[in-house]
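*Asks:* Below, each chain spelled out in residue letters.
2 protein chains.
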Amino acid sequence: MKNSGLTESQLFDILKEIKKKDTNYSRVLSAMCTHPHRIAVEAHMMFIESNMGDSGLFPGTNEMEHCVIDMLSDLMHGQGVHGHMTTGGTESNIQALRSMRNFSESSRPNVVVPESAHFSFDKIADVLRIEIRKASMDQEFKVDIESFESLIDENTVGLVGVAGSTEFGQIDPIEDISGLAVENSLPLHVDAAFGGFVIPFLKKDYSFDFSLDGVTSIALDPHKMGLGTIPAGVLLFRGEEYLSNLQTDTPYLTTQTQHSLTGTRSGGAVAATYAVMNYLGKDGYIEVVDYCMDLTEKLVEGSYRIGIEPLIEPVMNVVALRIPDADLVRKILREKYGWMVSITRDPRCLRLVMMPHLTIANLELFLQDLEKAVKDVDTGMDS
Amino acid sequence: MKNSGLTESQLFDILKEIKKKDTNYSRVLSAMCTHPHRIAVEAHMMFIESNMGDSGLFPGTNEMEHCVIDMLSDLMHGQGVHGHMTTGGTESNIQALRSMRNFSESSRPNVVVPESAHFSFDKIADVLRIEIRKASMDQEFKVDIESFESLIDENTVGLVGVAGSTEFGQIDPIEDISGLAVENSLPLHVDAAFGGFVIPFLKKDYSFDFSLDGVTSIALDPHKMGLGTIPAGVLLFRGEEYLSNLQTDTPYLTTQTQHSLTGTRSGGAVAATYAVMNYLGKDGYIEVVDYCMDLTEKLVEGSYRIGIEPLIEPVMNVVALRIPDADLVRKILREKYGWMVSITRDPRCLRLVMMPHLTIANLELFLQDLEKAVKDVDTGMDS
Numbered sequence: 005m006k007n008s009g010l011t012e013s014q015l016f017d018i019l020k021e022i023k024k025k026d027t028n029y030s031r032v033l034s035a036m037c038t039h040p041h042r043i044a045v046e047a048h049m050m051f052i053e054s055n056m057g058d059s060g061l062f063p064g065t066n067e068m069e070h071c072v073i074d075m076l077s078d079l080m081h082g083q084g085v086h087g088h089m090t091t092g093g094t095e096s097n098i099q100a101l102r103s104m105r106n107f108s109e110s111s112r113p114n115v116v117v118p119e120s121a122h123f124s125f126d127k128i129a130d131v132l133r134i135e136i137r138k139a140s141m142d143q144e145f146k147v148d149i150e151s152f153e154s155l156i157d158e159n160t161v162g163l164v165g166v167a168g169s170t171e172f173g174q175i176d177p178i179e180d181i182s183g184l185a186v187e188n189s190l191p192l193h194v195d196a197a198f199g200g201f202v203i204p205f206l207k208k209d210y211s212f213d214f215s216l217d218g219v220t221s222i223a224l225d226p227h228k229m230g231l232g233t234i235p236a237g238v239l240l241f242r243g244e245e246y247l248s249n250l251q252t253d254t255p256y257l258t259t260q261t262q263h264s265l266t267g268t269r270s271g272g273a274v275a276a277t278y279a280v281m282n283y284l285g286k287d288g289y290i291e292v293v294d295y296c297m298d299l300t301e302k303l304v305e306g307s308y309r310i311g312i313e314p315l316i317e318p319v320m321n322v323v324a325l326r327i328p329d330a331d332l333v334r335k336i337l338r339e340k341y342g343w344m345v346s347i348t349r350d351p352r353c354l355r356l357v358m359m360p361h362l363t364i365a366n367l368e369l370f371l372q373d374l375e376k377a378v379k380d381v382d383t384g385m386d387s
Numbered sequence: 005m006k007n008s009g010l011t012e013s014q015l016f017d018i019l020k021e022i023k024k025k026d027t028n029y030s031r032v033l034s035a036m037c038t039h040p041h042r043i044a045v046e047a048h049m050m051f052i053e054s055n056m057g058d059s060g061l062f063p064g065t066n067e068m069e070h071c072v073i074d075m076l077s078d079l080m081h082g083q084g085v086h087g088h089m090t091t092g093g094t095e096s097n098i099q100a101l102r103s104m105r106n107f108s109e110s111s112r113p114n115v116v117v118p119e120s121a122h123f124s125f126d127k128i129a130d131v132l133r134i135e136i137r138k139a140s141m142d143q144e145f146k147v148d149i150e151s152f153e154s155l156i157d158e159n160t161v162g163l164v165g166v167a168g169s170t171e172f173g174q175i176d177p178i179e180d181i182s183g184l185a186v187e188n189s190l191p192l193h194v195d196a197a198f199g200g201f202v203i204p205f206l207k208k209d210y211s212f213d214f215s216l217d218g219v220t221s222i223a224l225d226p227h228k229m230g231l232g233t234i235p236a237g238v239l240l241f242r243g244e245e246y247l248s249n250l251q252t253d254t255p256y257l258t259t260q261t262q263h264s265l266t267g268t269r270s271g272g273a274v275a276a277t278y279a280v281m282n283y284l285g286k287d288g289y290i291e292v293v294d295y296c297m298d299l300t301e302k303l304v305e306g307s308y309r310i311g312i313e314p315l316i317e318p319v320m321n322v323v324a325l326r327i328p329d330a331d332l333v334r335k336i337l338r339e340k341y342g343w344m345v346s347i348t349r350d351p352r353c354l355r356l357v358m359m360p361h362l363t364i365a366n367l368e369l370f371l372q373d374l375e376k377a378v379k380d381v382d383t384g385m386d387s
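Order-wise, the sequence lines are chains S and D. Numbering (the numbering used here) for the first sequence: 5 to 387. Numbering (the numbering used here) for the second sequence: 5 to 387.
Extracted from the complex, chain S is given alone in its bound form:
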């Protein structure tokens, strides 16, 4: 740090140059975040200094957090749900698994998850010192329920299902997993960080939430398809008992106890979530999801036209395309054509997320470039 500071105009000249290096998302097909809604941004601004870590000072923002929890509890068919906002899926998943672990006396606790679970579960295994057991996938890249059941033993402290997998956008058979949870008296966490703001707005119905008896917690992220601002995750627990074993005493604050993992928490992101949910309503989110599913359909059709097939028929706005040399095609798409795409782990497919920031015109451009990139690989033009 220099002794004397920059002037305001010097500083903002620099910031403008730096900003140019960041993506504007127009050619990003790899991300599950997107532009926050302008209403979310405006609300974030209004409440930017609000701190949910000391919520007694901010009873207004605190009220908005409770409203968000209530609205999402309704959306997830819950009653008497307790929860709080987090920084996103990873923190929500840490907290859900911490709650499971804390209910148990096992000295070698394990949690069974599908192989398609987000990489953060590997992080969580380390943080919480629990074993993560990964059940294999079926042909449709849902978790194989027999494999899942076979991994449950006396040290299993909980189960995880994914509703909207990061790689395939697939929904696990949560109904079956819920049956296993009830049968074995185990808590079941549903990671719907991405799917939570998609599945309820799809034309087809899926059972994945508190309507299933076994589901005890759900993670869903407003800062993904909820169009909120970063950092905004939500963690919902079916009952207070799951939350209360995360309690820490908080002397010298306006509150007596705290259940969140982090201390200081962004009230701006709370206000943004509250605002965008109230502004869009269910109808607004249906429009957003309709648009993304329309893009998804166009992508799949366009891919078939150039001889590329999706790994599975897309359930939501995540598409995995079977392409030989997917890693190389990805590289060419980025370096030669400027598209950011990603790759699934197994099998290695091209992974594309059809987010609201993508225009139909850009999708068409992408399909043209995809065809060229595949040809580049075929003809060895990449070298």
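Each hint can be trusted.
The list makes no distinction among identical chains, and a pair is therefore deemed to hold if it is satisfied within one copy or across any two copies.
Capping the alpha-carbon separation at 25 Å, the derived lysine-lysine pairs in BS3-like fashion look like this:
1. Lys24 - Lys340
2. Lys6 - Lys208
3. Lys340 - Lys23
4. Lys376 - Lys335
5. Lys302 - Lys376
6. Lys376 - Lys340
7. Lys207 - Lys6
8. Lys286 - Lys20
9. Lys207 - Lys302
10. Lys6 - Lys286
What the hints contain is simulated information worked out from the structure, not anything from laboratory work. Remember, predicted model here, so these are calculated numbers, not experimental data.
Position chain D against the provided structure of chain S, taking the given hints into account.
*Replies:* Just chain D, lined up with the frame of chain S:
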């Protein structure tokens, strides 16, 4: 969530009403957060959609994060420091202790901390399943080094010192603790979440950072006295080896690995920190700290005038006042006079943080009300 959304003007009418319920900080003497600097807010806005969890998409913001780490590394007299921004002190402390624990093979790891350590260490004990051993305080509410040493055993995986304790604003004898760390080959984490943006700008010098051989990590929070936006913490490690045992693989992102606890991370808060540090420079922070120390001096003088003594001569802008019936005085100050103050755990003193949002005029009003509140208690007027 309703089916149809509110109009923009309906929504913002509601938000304006909600906002009135939140504090504007003018009568808050209990918080370690404050108004972020307007420059920080503006920069946050510019980069609000930036996500450090997928930093390959945001190379500009990523560059700013590296700059912040470098500037703070310099300020903390470090060389070859590695680190990242976090959501604040709690997350930084979790990560520092997780790194210590991961270095060790102990099946019953413990970490020695001063009794004055932030309550988040109790949370961390639960999250990481480590024992937190609390060393007692000396007369000046620094940790007692003999007590500290006596708690170290073969299962100790690391030590913690506090530079700017939440309750007393005291600085532990970090030099002595550093000696113990070197002697026992243990990592030493310094929690300077509050003090990190105060101590370097005080008139008096204190040794508490990487200039001491034993110090291996430091937490300091831009969103406290750094005048950044929430959520902004910083975690610095003396060398890469401390960070690398926090590594998780990140398939399907633009990066290969991740060291942070959270996934999606606010690029807005990174930009805000970068901006305010470059705008203020050291001279600017010296002005801020000068002002807060001036308030602190005035508070102590004013307290003496009404017969109230500080528990210790304040080291930084945190004051603990010895008052009989402190809890009752706190209640009266809040309910009758509208001041938010807090209480230390042991002994129960009135705890006051002199943040930049407090005006001298308001401090004088507070002192008048404090005198009245104490009299209210003496004369039983509170009942």
